[in-house]
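Trainee: Next come the chains, spelled out residue by residue.
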Amino acid sequence: MKPVLVPTTDVNSETGVLVAWYADDHTKVEADELIAEIETSKAIIEVPAPETGFLLHAVREGAEVRLTEPVARLFGDAKALEAYTEEEQRRRTEAADSGPRATTPARARAEELGIDLASIDSDSLITVGMVEAAASATTATTELPDPLPGAAGLPRIALLGAGLGATQVIDILRVAGSGTAVAVVDDDQSRWAGEVMGVPVVGGFERLVKLFGDSAFDTAIITISTSVPARARLREALASNGIPLANAIDPTARIAGGVTFGTGNVVCAFCHFGVDTVVGDNNFVSAYNSYDHHNRLGSDISTGPACATSGLVIVGDRVRLGTGIFVEPYVELGDDVEVASGSVIVASVPAGHVVKRRVVTTAVVPRR
Amino acid sequence: MGWPHEGAQLMTTVDTNVAASAGGRTDPRLAGVPGEPRAERLYRRMRFIRRFEETVLELFERGLLNGTTHACIGQEADAVAIVEHLGDHDHMFSNHRCHGHFLARTGDALALIAEIMGKPEGVCGGIGGSQHLCAPGFMSNGVQGGIVPNAAGIALAKQLGGDAGLSVVFIGDGTLGEGVTYETLNVASLWKLPLVIVLEDNGWAQSTPAGANLAGSMRDRFAAFGLPVFEIDSTDVEELDAFAGRALAQARKREGPVTIVIHTYRLCHHSKNDDNRPAEEVAARWDLDPIEIHGRRLGPSARAAIDAEVESALQEVVDQAVAL
Amino acid sequence: MIAARAMGDALRAVLNEDDRVILLGEDLVDPYGGAFKVTRGLSTEFPGRVRSTPISEGAIIGLSAGLALSGYRPIAEIMFGDFITLCFDQIVNHIAKYEAMYNGKATCPVMIRTPSGGGRGYGPTHSQSLEKHFLGVPHLRVVSSSLVHDPVAVLRALLAQNRPALLIEHKLLYPLHLMLPAGGRIEDDVAETQVSDDGLPTVSIRPVDRKDCSFTVLAYGYQAELARRVLSRLAVEEEIFGELIVPSQISPLHWEPIDASVSVTRRLLVIEEGVEGCTWGSEVAARISARFFGELHQPVATAASDPTVIPASKMLEARMLMTPERVERAIRKVAT
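Protein chains in written order, with our numbering: chain Y, 1 to 368; chain P, 1 to 324; chain S, 1 to 336.
Only chain Y is shown next, with the shape it has when bound in the complex:
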């Protein structure tokens, strides 16, 4: 397929008007045959066919064309042209059938709340307000379960997030014995009235705040493991509602002397925190992470399994580490840094930057 561009040296015009087609759509044209006329602000330009072929118009007569885009396409044979047109038609219908008309914020909110846009009865644009109205309508009809009573003498802990992170935290708490998971909350309404490992999903954030007011639980842990923005946002929301966080530290973790933790931290199995390391709040640390002596970790950090730092490393707030990352001593990872899995970091990374890693493939060659 050969695109037909307007032959112009006019640097002043970005667009022109296709004044006339001289060759009909879907017909065969010879090389150099005059097929169209374009008018720019400077001149009328004649467009010859660059080669012999079957012509497919890309614009209508009288339409404005961008001079950098093809006004037509040439195909070697009629079949190729038909195939192309069919493909274009198919793509166009697909795009048209994109479902009910909703604003972008409404679509996002509908996804958050688990509302199916098609279920909203409206012949005009669907707005956030309508989605939320639909959401509260459904909630009104569902009976939400109550939190578990908890165990005597142990803090009752509410978990935010009913995904796989919750399963990890519930497991840690069960073996750590530092508290009991009594309830799970999630903004995805489709999870409500369900349960995670026996712990009921009692509603959304609004319910959480109400339950705290009713003293149904004591502290909270954010179980969302990978999304740093979500962790940070929820921590702020909890703080503004006066809801304290708790730590969930797997008993297999080796915590050295002098180590201090903030609150809301989730530490998975076989982690190591070296002497005098300081850890902030609301960090989700996956299994087999090692923070060597005299490290400083900020808050709202999320790490994958098997990350290891050397001594005297500083990890800023909202840092996201993939899996299998090694960090040399004295390195500082600034706030909001993201590090790709498998990276070996030998120098400090400034805030807001991303560490990428080029993947090297392994080649198999015959022995000489």
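Straight line, CA to CA, 30 Å or less: simulated DSS-like cross-link-like pairs of lysine-lysine:
1. Y:Lys79 with Y:Lys2
2. P:Lys192 with S:Lys37
3. Y:Lys28 with S:Lys37
4. Y:Lys79 with Y:Lys28
5. Y:Lys28 with Y:Lys2
6. S:Lys37 with S:Lys314
Bear in mind the hints are in silico, worked out from the structure with no lab data behind them. A quick note: this is a predicted structure, and the numbers were derived from the prediction, not measured.
Given chain Y, put chains P and S in place with the hints provided.
Mentor: Just chains P and S now, with coordinates in the frame of chain Y:
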């Protein structure tokens, strides 16, 4: 009510209009007695215009009229001569100095005086005033040159509609300063419109003599567009009558526009009391007063009789107008 | 159908329906068919009634006046709106005055069409929107074509009246397809048409119910299309809901649809491409402020191009002209 004030205040009026030759309010003592000899007719009609203009100026001085006006004293023969050769199908478009043309065409002195007095019974309900008149077959406007393309458009309409009439436009020497005049001469000639341009060159554009206003030749301007020029230097209505007959006969061949240049003189001031032309020049031109030149041809008693008829007819008109 | 072709068809329709219609203008006849090809084919189809003239704007309009005084319905084309200045005397002192100063004894219903507007980099004397200088000329109607008005309906309405009209056609609209309200909608928006007593339509376009719109935008011609696109996008992407009112006749205005919208939204932005200073927007603001004094949430906002010449350099032109970016900025400002 919309903004701007749409459809506002077009006053309803008594229909004061009269067809050019349909009788009605045309007083034969002013417009011409059927059957009278041509010489007397021409004299009467010029006398009518002269006395009308003098009366209007006098009414201004007496404070009975306000606003502005442009009398055509001295040029009466032009209007009378031209109109002798126009009929119902022809249209006249005149300029700010239009009374003579209007009266020659319609004869309706009452409507004109009432208009200048600003009364509802006036030609345009008092809205147009002295310079902006509209009657069947007649229009005038006060912007120099602007009427020329309008008249050409009327000529085009006649051409398109198969109407046998001519469109006649009256301009002055001063009008030759306006660009749109030349634009029109070009198109009218190109399209062979049935347009007649009557240029009354009275030698002065307000206070500026033609010599200070016009470069090159007056007739060559029209010739440059391929237009035939009929030119005459005369205030003798009989000469002008014959001359107009020839010129308009040419126009009726419909081979394109025809220009008529009449070198004449304005004996009165431009509008009111604004005449600083050399007194000797003006005085000399009074010797060529068209009323005198032609009036001498009539017998003294015939002339006096016509003068008296015109006088009493006009007096009646003024009395009627004042009483409105 | 693209607007240029639609206007050509509209002219063809009225030439067919009304023997009195004559077209005059520069370079109208075939095969050229007009500088923007609007009249292509018409001189062949209607010989003698579509005429090319010399480059004499004063005479073109003056002749049209004479034709109109004689009972014809001339539709004159002034090739670029910038040249309408050459017709100012004929329009103001002749055409617009004849009927009134002759106390109704004559009518002079000349229609003048003129391609206007910038955005193509044609430079200071080929890009202007000078219609603002004709607003408020007594007895003259100023009308603008837009993609949402059917040009045949507009021409017929204008011909049904014996009054002069100036019809502005933004040249950037010519290659765009008309978007007439169909089934009460234009694309995905609700579209409502209200017709004035003399047959000129105003279209109101809104993404949601009027009561959920927080502001009104008033615009015509090409700016109306720019505003429509911005409002449509802001509605879907950010839930900023504004109602767009697009009048066909911009002077005198049909106030009912505008009042109906502003009385609900209480915020108005008037957009035009002409340069700032004594504009259409100023006039609308004065009248709306008087009408809704104390009820508006904020003063009537106006947006216009910068008061200077329109540069030929497209980059410099974009800095002073009402562009899609400026339209969006103005809309965002009134939306907050």
